[in-house]
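Number of protein chains: 2
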Amino acid sequence: MLTYSFSDAGSDSLYQHLYKCIKNDILARNLRAGEKLPSKRSFAKNLGISVITVENAYAQLISEGYLYSVPKKGFFVSDISMLPPEAAFSQNVSIRSLSDAIKRADMTDYTEKAYPADAGETAGLASPFGAAHLPGKIDPAGLVGTGGNLAPLIDLTSNQTDIRNFPFSIWAKLVREILNENQQELVTNPPCGGVLKLRASIARHLKDFRGISVAPEQIIMGAGTEYLYSLLIQLLGFDKTYAVEDPGYQKIARIYEKHKVACRHIPLDESGVCVPALEESGADVLHLSPSHHFPTGLVTPISRRYELLGWAARAEGRYIIEDDYDSEFRMSGNPIPAMQSIDLSEKVIYINTFTKTLASTVRISYMILPRHLADRFYRELSFYSCTVSNFEQYTLARFIENGSFEKHLNRMRSYYHRKRDLLISRIRGSELNPRAVIREENAGLHFILELQTGLSDKEVCEQALQKGLKIAALSGFYLRDTPEIEHRFVVNYSALREEQIDEAIRILCESID
Amino acid sequence: MLTYSFSDAGSDSLYQHLYKCIKNDILARNLRAGEKLPSKRSFAKNLGISVITVENAYAQLISEGYLYSVPKKGFFVSDISMLPPEAAFSQNVSIRSLSDAIKRADMTDYTEKAYPADAGETAGLASPFGAAHLPGKIDPAGLVGTGGNLAPLIDLTSNQTDIRNFPFSIWAKLVREILNENQQELVTNPPCGGVLKLRASIARHLKDFRGISVAPEQIIMGAGTEYLYSLLIQLLGFDKTYAVEDPGYQKIARIYEKHKVACRHIPLDESGVCVPALEESGADVLHLSPSHHFPTGLVTPISRRYELLGWAARAEGRYIIEDDYDSEFRMSGNPIPAMQSIDLSEKVIYINTFTKTLASTVRISYMILPRHLADRFYRELSFYSCTVSNFEQYTLARFIENGSFEKHLNRMRSYYHRKRDLLISRIRGSELNPRAVIREENAGLHFILELQTGLSDKEVCEQALQKGLKIAALSGFYLRDTPEIEHRFVVNYSALREEQIDEAIRILCESID
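Just so you know, the protein sequences line up as chains L and W, in that order. Okay, so the first sequence: first residue is 1461 according to my numbering, each after it adds one. Okay, so the second sequence: first residue is 1461 according to my numbering, each after it adds one.
Hints may contain errors.
Heads up, the list lumps identical chains together, so a pair's fine if it works in one copy or across two of them.
[Stated by the list, open to error] Listed next, the in silico DSSO-like pairs over lysine-lysine satisfying Cα-Cα at most 30 Å (straight line):
#1 Lys-1667 / Lys-1480
#2 Lys-1711 / Lys-1533
#3 Lys-1480 / Lys-1496
#4 Lys-1718 / Lys-1657
#5 Lys-1930 / Lys-1496
#6 Lys-1505 / Lys-1700
#7 Lys-1657 / Lys-1930
#8 Lys-1483 / Lys-1718
#9 Lys-1533 / Lys-1720
#10 Lys-1700 / Lys-1918
#11 Lys-1505 / Lys-1718
#12 Lys-1711 / Lys-1700
#13 Lys-1930 / Lys-1711
#14 Lys-1927 / Lys-1867
#15 Lys-1532 / Lys-1505
#16 Lys-1532 / Lys-1483
#17 Lys-1657 / Lys-1496
Keep in mind that the hints were calculated from the coordinates and are not lab data.
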């Protein structure tokens, strides 16, 4: 059996060390494509470590595409022939302890534990509507907010962040300090890309936590990713053809449509965007979320990432927009290396946002431009004023600098992890369980619930809505060739309150017959 | 001589009453086009009121286009034949006391008074660069802000607001309150148009201070006017032809250009946008600043406003974007009725911003859509998230609601008024005076300085820059057919510090020989 020594683990945790050892063996071809790895239990026993340690290492390797699992058969080495053994990123990956976010790696092994009630739970949001994630949503009055007060409803489509997750006390303290100490900076126009202090903080954070090395001037701040998309169209060209994932986050396709640029919808296979279809589409720019696809939850494996970079490198003017919108909320293992960090050809534009990690109502996002695009941005678009208020830019810079952001992220991960586990264990313990399969639950703030039912997806959603539960079917997110019946539903649990869980499950049970 | 009774002035001030009486006589054709009005002194004596009261009323009537003045000849009634006597707006104008902003109305009658030094003046901004107002400005490094710290320089091109004008203490208090009391609202997604409370506050403010009656849902918040322009292109159409003023605020033309929409440059005459040229251009949408044109300082008189509304009404799909960016800073008389408030055909989109009144680094602007366009906005663009942070929207709403905004505006007006008077009186008392004419100094934060010189505009600007003074020539703002020599320079005094005034004048003197 495969054996590794832990004597040279250095400052790495056992899980990190094991992950690296296996990965290096795969990269060095000591472990070959298709080779079966030891079962978690026997491997743990053999190495003298706990099962959970092996689980975590395997989960990380699966999410990065080095391993794949076959239910009831075990874990196997992926075909990484696209990936050269000396792959740059393997030296770059910054492994940090995310132990609080890593509890279990086996994708279906949820036990019906009793979870302590979340003492902090109070009467929270009154069923906010998640405009962001609901296809075709229209607000004709213009006055009903996404946090409007319609009939009481459990909402599994909302991207609304939870009040208890905003760090009000530390934020208030920092705002007070900034308003006292930084008055001159606050009223001084920042560069078009945003406040330098903030961009430098973000660059440091990305280096420490995401293995991304960039100069602050490559980072461009904007009031939400939607605004940044619009800037990118101006930067890359209205005459370019843009490609989006199908199914996908429909707002992105809509933004391209509203800007009257050509937009192609590229189908996905089990590894993400299909390269042949992409090639055939004639697209110049691919917009995707490789870390965690919405709504399928897919994580694009490393091999496909290289394939996509290869596609971009094959022609001038091709670019990849890597939308890393919720990479901070991976539940198992380390975040996968961003495509940005393994891109040596200046092809990847990385986008991320604080609207997921801080509050959806704090409009601070950023993009990282490859150097030659950053130059073009300053040459052609620097007449634009930065759209984010200085007040929030300076506050956020201090929030990152003094370590509060890291602490906050850890707290958020634990919170969502706990909530996800609670929801899944309640499903497992319910009458829904025999008819439910849970998929892609290891990243982000949603998972896929596959339900056995004789009804169409639309019928299920309508029945649920009538009973007071808002849930979206995966089939609703296809841009073309919509399958009518897939029986896969998107469970966005970020706005779900603990006391709503049993009711939500009961309604789902009633809605599938 | 013209005589009015003040017995029925009601709650109006004397100036307001006199203004209304004369306006009503002009509208009723009791006073005819070309008719000479009494001199200020004799009119005041005859009515038993002070000269300043007559001055204020005349200044208001001039700025609204009802009167015009001929230097050394007196005041005359304008030709308002375009304006029906029952004009809707005449009932609507909300006259409020702006007495602190009204000091003198005669446009050229500046005496060399000694002004008390501004006790609040401290070492303020270190020569910020005004990216906004400088044609062709590029920031290749992306790191030098518009408040960068290049060589010490007096900057007469900057739109940078002054640190002493931001109401830090009240703002800090309100932020504290909001963070304590409104946590739920702060993290709840607002409607796509923005926080309702803020939009309602703005609607009330507009009604009270600008004579504009709108429903809150017609108001759409955005992170800066530039962002709103981009939304408007999406709303009105990429296939439409847009028209901008020439000369004009170059950023606007650039934004249209960057969105790849057709953009025509319309020449101005002494009343603003030339209607025949506009008609000939084939434009669908006219973007203008009738309250205070940048850089000429022109105020579009009421007759031209009606002509432009007539142009818009003549064809479906024609619209007027009324950019009211600094209407709050008129120095004499009441703001002119906005085109929005006299538009009965739903043709005017009104845009205004808090970046001028509060701080250029607070990115809060808004637009008012006519009802049918608001409907279209909610139908087609409501998937966009509002780009302004909730935190600042709620703070600003409270700032307006509790009267702080009104107080702040009054303080700002006095401050800029004092600064303008000081600058002008120093010019009058200097060796520059015999070679200088000051124009259009009654509105906004800049005026035009016409200088007698044998040099070209470019040579003057270059000489000044070498000596440490940054000033822009009006001729630099023409989009086409740029006149090489006009000898008119744009003096933006918002960022000028008192202790820089004499030095600025000295450099100007040296730069014109």
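Output the numbers, in ascending order, of every earlier hint that fails for this structure. Numbers 2, 5, 6, 8, 9, 10, 11, 14, 17, in rising order.
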